[in-house]
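Using the sequences provided together with the hints, build the complete structure.
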Amino acid sequence: AQSVSQHNHHVILSEAASLELGCNYSYGGTVNLFWYVQYPGQHLQLLLKYFSGDPLVKGIKGFEAEFIKSKFSFNLRKPSVQWSDTAEYFCAVNPINQGGKLIFGQGTELSVKP
Amino acid sequence: DAGVIQSPRHEVTEMGQEVTLRCKPISGHDYLFWYRQTMMRGLELLIYFNNNVPIDDSGMPEDRFSAKMPNASFSTLKIQPSEPRDSAVYFCASMRGAYNEQFFGPGTRLTVL
Chain A
1 AQSVSQHNHH
11 VILSEAASLE
21 LGCNYSYGGT
31 VNLFWYVQYP
41 GQHLQLLLKY
51 FSGDPLVKGI
61 KGFEAEFIKS
71 KFSFNLRKPS
81 VQWSDTAEYF
91 CAVNPINQGG
101 KLIFGQGTEL
111 SVKP
Chain B
1001 DAGVIQSPRH
1011 EVTEMGQEVT
1021 LRCKPISGHD
1031 YLFWYRQTMM
1041 RGLELLIYFN
1051 NNVPIDDSGM
1061 PEDRFSAKMP
1071 NASFSTLKIQ
1081 PSEPRDSAVY
1091 FCASMRGAYN
1101 EQFFGPGTRL
1111 TVL
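Chains A and B, in that order, are what the protein sequence lines are.
For the first sequence, this note's numbering gives the first residue as 1, with consecutive numbering after it.
For the second sequence, this note's numbering gives the first residue as 1001, with consecutive numbering after it.
Since the hints were derived computationally from the structure, they do not count as laboratory data.
Watch out, some of these pointers could steer you wrong.
[To be verified] One-sided excerpt, in silico: chain A residues whose CB lies under 7 angstroms from chain B:
no.	residue
1	Asn32
2	His43
3	Leu44
4	Gly99
5	Gly100
[Said to hold, decoys possible] Coverage of chain A stretches by chain B, computed from C-beta distances (three or more under 8 angstroms per stretch; other residues unrestricted):
no.	region
6	45 to 56
7	104 to 112
Even glycine gets a Cβ: it sits at the ideal position worked out from N, Cα and C.
Next up, the structure:
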């Protein structure tokens, strides 16, 4: 079955630390890839997306992600986190033969200590 | 644009009652999705529509759940009868075109007592 795995359920960092959140998916065909963020009490917002081209994509608020096709991975990174980055982060995969359907990972809760 | 609008934002009901959740997608978006979020199961796609037609309802948990999209600007998700295990946050999302960003609404927090 198609699935998306986020390896870290809860990450705790101090401000200015670097962040990397892992995401792996199981699907052999072509996919579009997304990272969404959910701030406390709010709805999901798009951080960044990858459809094709340069596998290193930049998103909002200094986030970036790298698509490594051979590893079926799409890890999220930020060089220096801020307290305001405290949120839950979701990786999502859209197999392109399934219309707009998104398959979400379980989410990673990030807590940034000031 | 006002974004995706959902109502109510919070719903508390008793087991056995009918619950109707409402969604207004962003104007011009031709895809609409209903998701459920729980601590145990994360974000699950329940059903999605394209041009008001249900495309994939394989995520609908059981016959107690039904969804309709009578026109391009309105969709409902109905639970009848509701059960405590239906307690969750239900999100609606809309999208323009098949391969694009989904825009999420603020969600409806449902509590079934």
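Status of each hint after checking the structure:
1. For the restraint placing asparagine 32 of chain A at the interface with chain B, the shortest Cβ-Cβ distance is roughly 6 angstroms, inside the 7 angstroms limit, so the hint holds.
2. Checking histidine 43 of chain A against chain B: minimum C-beta separation of about 4 angstroms stays under 7 angstroms; hint holds.
3. A cut of 7 angstroms between beta carbons decides the hint on leucine 44 of chain A: the least distance to chain B is about 4 angstroms, and the hint holds.
4. Below 7 angstroms, beta-carbon pairs count as interface contacts, and glycine 99 of chain A has one with chain B at about 5 angstroms; its hint therefore holds.
5. Of the supplied interface hints, the one on glycine 100 of chain A holds, with its beta-carbon coming within about 5 angstroms of a beta-carbon of chain B, less than 7 angstroms.
6. With 4 residues having a Cβ less than 8 angstroms from any Cβ of chain B, the region 45 to 56 of chain A passes the three-residue criterion, so the hint holds.
7. Closer than 8 angstroms: that is the beta-carbon criterion, and the region 104 to 112 of chain A has 4 residues meeting it against chain B, so the requirement of 3 holds.
Consistency with the previously given hints is maintained throughout, with no hint failing.
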